[in-house]
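Asks: The primary structure of each chain is shown beneath.
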Amino acid sequence: MAITKRQAADLAKQTFDYAPAPEAIDHVRIQPRYGLFIGGKMVEPHSKKRFPTINPATEQKLSEVAEADAIDVGKAVSAAGTAFTSWSRMAPSRRARYLFRISRLIQERARELAVVETMDGGKPIKESRDVDIPLSAAHFFYYAGWADKLEWAFPNRRPRPLGVAGQVIPWNFPLLMLAWKIAPALAAGNTVVLKPAETTPLSALLFAEICQQAELPAGVVNIITGAGKTGSLLVSHPGVKKVAFTGSTEVGKLIQRSLAGSGKRLTLELGGKAANIVFEDAPLDQAVEGIVNGIYFNQGHVCCAGSRLLVQESIAKPLLEKLKQRLSTLRLGDPLDKNTDIGAINSKAQLEKIQALVESGIEEGAEIYQPECKLPERGYWFPPTVFTNVSQSYRIAREEIFGPVLSVLTFRTPAEAVEKANNTPYGLSAGVWTDKGSRILWMAERMRAGVVWANTFNRFDPTSPFGGYKESGYGREGGVHGLLPYLELV
Amino acid sequence: MANKNGADRVEVRKTYKQYVGGEFVRSESGRAYRPDGTVNVPRGSRKDLRDAVRAARTAFAGWSGRTAMNRGQILYRAAEMLDARRAEFEELLGGGRKSRAELDETVEVLVWYAGWTDKLAQVTGTVNPVSGPYFNFTIPEPTGVVGIVASDDPALAGLVRRLAPALCGGNVVVALAPEHRPLPALTLAEVLATSDFPSGVVNVLSGQRKELLPWLASHMDVNAVDVSGCTPDEVALVEAAAADNVKRVVKLPAGERSPHLVTAFMEMKTIWHPIGV
Chain A
29 MAITKRQAAD
39 LAKQTFDYAP
49 APEAIDHVRI
59 QPRYGLFIGG
69 KMVEPHSKKR
79 FPTINPATEQ
89 KLSEVAEADA
99 IDVGKAVSAA
109 GTAFTSWSRM
119 APSRRARYLF
129 RISRLIQERA
139 RELAVVETMD
149 GGKPIKESRD
159 VDIPLSAAHF
169 FYYAGWADKL
179 EWAFPNRRPR
189 PLGVAGQVIP
199 WNFPLLMLAW
209 KIAPALAAGN
219 TVVLKPAETT
229 PLSALLFAEI
239 CQQAELPAGV
249 VNIITGAGKT
259 GSLLVSHPGV
269 KKVAFTGSTE
279 VGKLIQRSLA
289 GSGKRLTLEL
299 GGKAANIVFE
309 DAPLDQAVEG
319 IVNGIYFNQG
329 HVCCAGSRLL
339 VQESIAKPLL
349 EKLKQRLSTL
359 RLGDPLDKNT
369 DIGAINSKAQ
379 LEKIQALVES
389 GIEEGAEIYQ
399 PECKLPERGY
409 WFPPTVFTNV
419 SQSYRIAREE
429 IFGPVLSVLT
439 FRTPAEAVEK
449 ANNTPYGLSA
459 GVWTDKGSRI
469 LWMAERMRAG
479 VVWANTFNRF
489 DPTSPFGGYK
499 ESGYGREGGV
509 HGLLPYLELV
Chain B
4 MANKNGADRV
14 EVRKTYKQYV
24 GGEFVRSESG
34 RAYRPDGTVN
44 VPRGSRKDLR
54 DAVRAARTAF
64 AGWSGRTAMN
74 RGQILYRAAE
84 MLDARRAEFE
94 ELLGGGRKSR
104 AELDETVEVL
114 VWYAGWTDKL
124 AQVTGTVNPV
134 SGPYFNFTIP
144 EPTGVVGIVA
154 SDDPALAGLV
164 RRLAPALCGG
174 NVVVALAPEH
184 RPLPALTLAE
194 VLATSDFPSG
204 VVNVLSGQRK
214 ELLPWLASHM
224 DVNAVDVSGC
234 TPDEVALVEA
244 AAADNVKRVV
254 KLPAGERSPH
264 LVTAFMEMKT
274 IWHPIGV
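Order-wise, the sequence lines are chains A and B.
Residues 29 to 518 in the numbering used here are what the first sequence lists, from first letter to last.
Residues 4 to 280 in the numbering used here are what the second sequence lists, from first letter to last.
What the hints contain is simulated information worked out from the structure, not anything from laboratory work.
C-beta atoms are modelled at their ideal positions from N, C-alpha and C, and glycine is treated no differently.
Be aware that a few hints might be false.
[Claimed, not checked] Below, in silico cross-link-like pairs of lysine-lysine (DSS-like), each with a Cα-Cα straight-line distance of 27 Å or less:
no., chain 1, residue 1, chain 2, residue 2
1, B, Lys-254, A, Lys-281
2, A, Lys-177, B, Lys-122
3, A, Lys-154, A, Lys-350
4, A, Lys-350, A, Lys-281
5, B, Lys-50, A, Lys-281
[What the hints assert, rightly or not] Example chain A residues on the side facing chain B (calculated, C-beta under 7 Å, incomplete):
no., residue
6, Ala-36
7, Ala-37
8, Leu-39
9, Gln-42
10, Thr-43
11, Phe-44
12, Asp-45
13, Gln-383
14, Leu-385
15, Leu-403
16, Ala-482
17, Ser-492
18, Val-508
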C-alpha cells in the first residue's frame with residue numbers, strides 16, 4: 029500500500045536513531061586473577077608477577093594475569109615434553125576425538141567466548157560472535173578429522189610429529205589465532221606451549237578451561253601469559269622443536285635471526301600492506317562494501333587488511349563519493365553493542381602508532397578524510413580514515429598501520445595495477461574487483477601474495493590455506509597445507 | 004705438416020669461466036684461484052654475485068611464465084646434453100665406477116624432475132571446499148630467485164639434486180659451485196647453456212665460500228637459499244642473514260628427491276573466485 033504525500037513528509041522530518049543494543053554480560057565470569065595453565069592445571073606463576081588486562085573500550089581492568097618467567101616457561105615446556113611421549117603414540121583416532129570435543133565445547137560456550145573476546149580486545153561483538161568464534165570451532169573440527177588421515181595427505185611418506193611446539197600469537201584475533209596454531213599441531217601429534225598476546229590473554233585462559241572440560245590429557249596444551257620477554261624465552265627454549273609465530277614482520281625477523289643454527293622448524297605469519305584493486309567494470313556498491321570490510325573490519329587490526337585501495341582512474345571519483353557516504357553511516361562505539369561496526373583500538377600503544385602514521389600522511393602531503401564521528405570519552409578510539417592524493421613513497425602507502433586507515437591510489441591499466449600492487453616487501457593478500465572472470469584470474473596469477481580475494485575480502489575458512497609471500501612470512505595455516513609445518517615426512 | 008693426432012699436438016685448453024646472464028665470464032675482480040693446483044678458476048666477488056642476482060631476477064618473469072610443459076622439455080633437454088658429454092664429465096669426476104654412478108644419478112634426477120613440471124600443481128595443489136559461494140583453490144608458484152650452495156661431494160650430483168627441483172618449480176637460480184671441486188659445476192653450465200634455458204635462469208659462480216656466502220644469504224632480492232651443501236656453521240650464518248628479508252632457508256636432507264623438495268622452493272597461493280550468475 030502506497031503512503032500518502034503527507035505521511036511521507038512526516039516521515040522525512042523524523043530522525044532515526046539506533047537504540048542501544050548491548051550484549052548481556054551477566055553470564056560471563058571473569059576471575060579477578062589467573063595463573064598459568066601448565067600440565068593440565070592452573071598454577072601460580074613462579075615469577076609471582078602479574079599484570080592487568082584491560083577493556084580498551086572503557087580502560088577498566090578486567091583481570092590480572094601471570095607474567096611467566098624463565099622457570100615458568102621451563103615448566104610448561106617440560107610438561108609438554110612429557111605429554112608428547114604418550115600423545116604422539118596415542119591411536120590417531122583417539123587424538124581426533126579430543127579435538128572434536130574441543131570444537132564442540134567452543135560451540136557450546138560460543139556466546140561467553142565472544143563476549144570475553146570483545147571485552148578484552150575491543151572488537152565489535154558482531155564480529156567476535158559471527159566470525160572469530162565460529163571460525164575457531166570450525167578450525168578444530170576440520171583438523172580433528174585430519175588426525176587419523178595423515179597418511180592420505182602425504183602419499184609415499186610416513187608423517188611424524190615434531191615434538192613440543194612453541195607458539196606465539198597476536199592480539200587481533202586471539203581465539204582464532206589460537207585455533208590456527210593449536211588445532212593442526214595437535215592433530216599432527218605434537219604438544220604445545222602457547223603464549224597469547226599480553227593485551228588479550230583472557231580467551232586463551234578460557235580455552236584452558238575448555239581443555240580441562242574436554243579431559244584433554246595433561247600437558248598436551250599449556251598456556252602461558254606474559255609479554256615479549258616471555259615469548260622470547262619460549263621460542264628460544266631448547267626443548268621447543270617447532271616455533272610458530274604470528275605477528276609483526278619486525279618481531280618475525282628477530283625470531284628468525286635468533287633461531288639461526290638451532291635446528292628448530294619455524295613458520296612465520298607476518299605483516300601485510302595489501303592492495304585492493306577496483307576495476308571500472310566492478311559493481312560499485314558491492315565494491316564499496318568490500319573496501320569497508322577490507323580495511324575497517326576489526327578496526328583494521330588485520331594483517332591481511334586491504335590498506336591500499338587501487339582504483340581505476342575512470343571511476344575514482346564516483347567510487348570515493350560512495351565510499352565517503354558509506355563511512356558516514358558506520359557506527360563507532362561500544363564494542364558490546366550489537367549494532368557497532370567499529371570498536372575500540374586494542375591498546376594505547378597501538379592507538380599512538382596509528383596516530384603517528386596518520387600524522388606522517390598529512391605531513392607528506394596526502395589529503396585526509398574522516399567522517400563526522402563522535403568518539404567516546406574513555407577508551408582508545410580512532411575514526412575511519414581515508415587518505416587520497418597518496419604517493420607510493422609515502423609511509424602510509426608502505427608501512428603496515430594496523431588501524432582503520434585507507435590509502436587510495438589510482439591506476440589506468442591492469443599492468444599498472446599489478447606493478448603498484450606488487451611494489452611492497454609484503455605479500456600476504458590482495459583483492460580484485462571486476463565483473464570479468466578472466467580478468468580475475470589474470471590478475472590473481474600476477475599478484476605476489478598468498479591469498480587473493482576476488483569480489484570479496486577478508487574471508488577465511490579452515491579448508492583454505494593462508495600465509496604470505498616475501499616478508500609476510502612463510503608456511504601456511506589452514507587446509508592440508510597447514511599440516512606440513514607440524515610434520516616431518518620420513 | 005704435423006699429424007693432428009700426433010704426440011706433438013698442442014692441446015687447446017679450456018678457460019673455465021663463471022656463467023652469468025647467459026654469458027661465460029671471468030670474475031669482474033680479475034682474480035682466480037687454483038682449487039686443484041693446476042687449473043685457474045675465477046674467484047668470484049661480491050659484485051659478481053650481485054650481477055648474477057640481477058640477471059636471475061630479470062629472467063624470472065619469462066621463466067616462471069613458461070608453460071609447465073615447456074619447462075619440462077627444457078629440463079629434459081639438459082639431461083640429453085649432459086648424457087651426450089658423459090666422457091668429459093667422467094674424467095672431471097675422477098673416473099671409475101663411482102663417477103659413472105654419480106653421472107647416472109645426475110641424468111636421472113634431471114629426467115625425473117623434467118617429468119614433474121606439469122604434475123606438480125595436480126599433486127600439491129588443492130581445491131578447497133569453503134563454506135560460501137566461492138571457487139577456492141590453492142596452487143604452487145615459484146618463490147623467485149633461489150641461491151644454491153652446492154656440496155664438494157658429490158661435486159656434480161650435489162648441485163643438480165637441488166638445481167633441478169628449483170628450476171622445475173619455475174624459479175631462477177644463483178648457484179655457488181663447490182669451492183674445492185668447481186670444474187663439474189662450471190662445465191654443467193655449458194650443458195645448461197645449450198639446453199634452451201633463457202639467459203639468466205641459471206647462474207653459476209665460483210670462488211671462496213666465505214667470500215660469497217654472506218652476500219648471497221643477505222641479498223635483499225634473493226627469496227630462498229638451499230643449504231644442503233653447507234657446514235652447520237654456514238647454515239647458522241645463512242639463517243641469521245636470511246632474516247633480513249625473511250628468506251626461505253631450505254634444509255631438507257641432501258638425498259631428498261620428492262615433490263616436497265620442489266614445493267620447498269615455492270609459495271602456495273590461494274584464490275577465492277566468486278560464484279554467481
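Asks: Against each hint, give a clear statement of whether it holds in the structure.
Replies: Evaluation of the provided hints:
1. Lys-254(B) / Lys-281(A): 18 Å, holds
2. Lys-177(A) / Lys-122(B): 23 Å, holds
3. Lys-154(A) / Lys-350(A): With a Cα-Cα distance of about 24 Å, the restraint between Lys-154(A) and Lys-350(A) holds, given a limit of 27 Å.
4. Lys-350(A) / Lys-281(A): Between Lys-350(A) and Lys-281(A) the Cα gap is close to 40 Å, so the pair fails against 27 Å, i.e. violated.
5. Lys-50(B) / Lys-281(A): Roughly 26 Å separates the two Cα atoms, so the pair holds.
6. Ala-36: 35 Å, violated
7. Ala-37: Ala-37(A) check fails; min Cβ-Cβ to chain B is 40 Å, beyond 7 Å.
8. Leu-39: For Leu-39(A), the interface hint is violated, since the closest Cβ of chain B sits about 34 Å away, which is over 7 Å.
9. Gln-42: Hint on Gln-42(A): violated, closest Cβ of chain B at ~37 Å, above 7 Å.
10. Thr-43: Since chain B brings no Cβ nearer than about 36 Å to Thr-43(A), farther than 7 Å, the hint is violated.
11. Phe-44: 32 Å, violated
12. Asp-45: 33 Å, violated
13. Gln-383: 28 Å, violated
14. Leu-385: 22 Å, violated
15. Leu-403: 34 Å, violated
16. Ala-482: 5 Å, holds
17. Ser-492: Cβ of Ser-492(A) sits 5 Å from chain B, so the hint holds.
18. Val-508: 6 Å, holds
Hint compliance for this structure: hints 4, 6, 7, 8, 9, 10, 11, 12, 13, 14, 15 are broken, all remaining hints hold.
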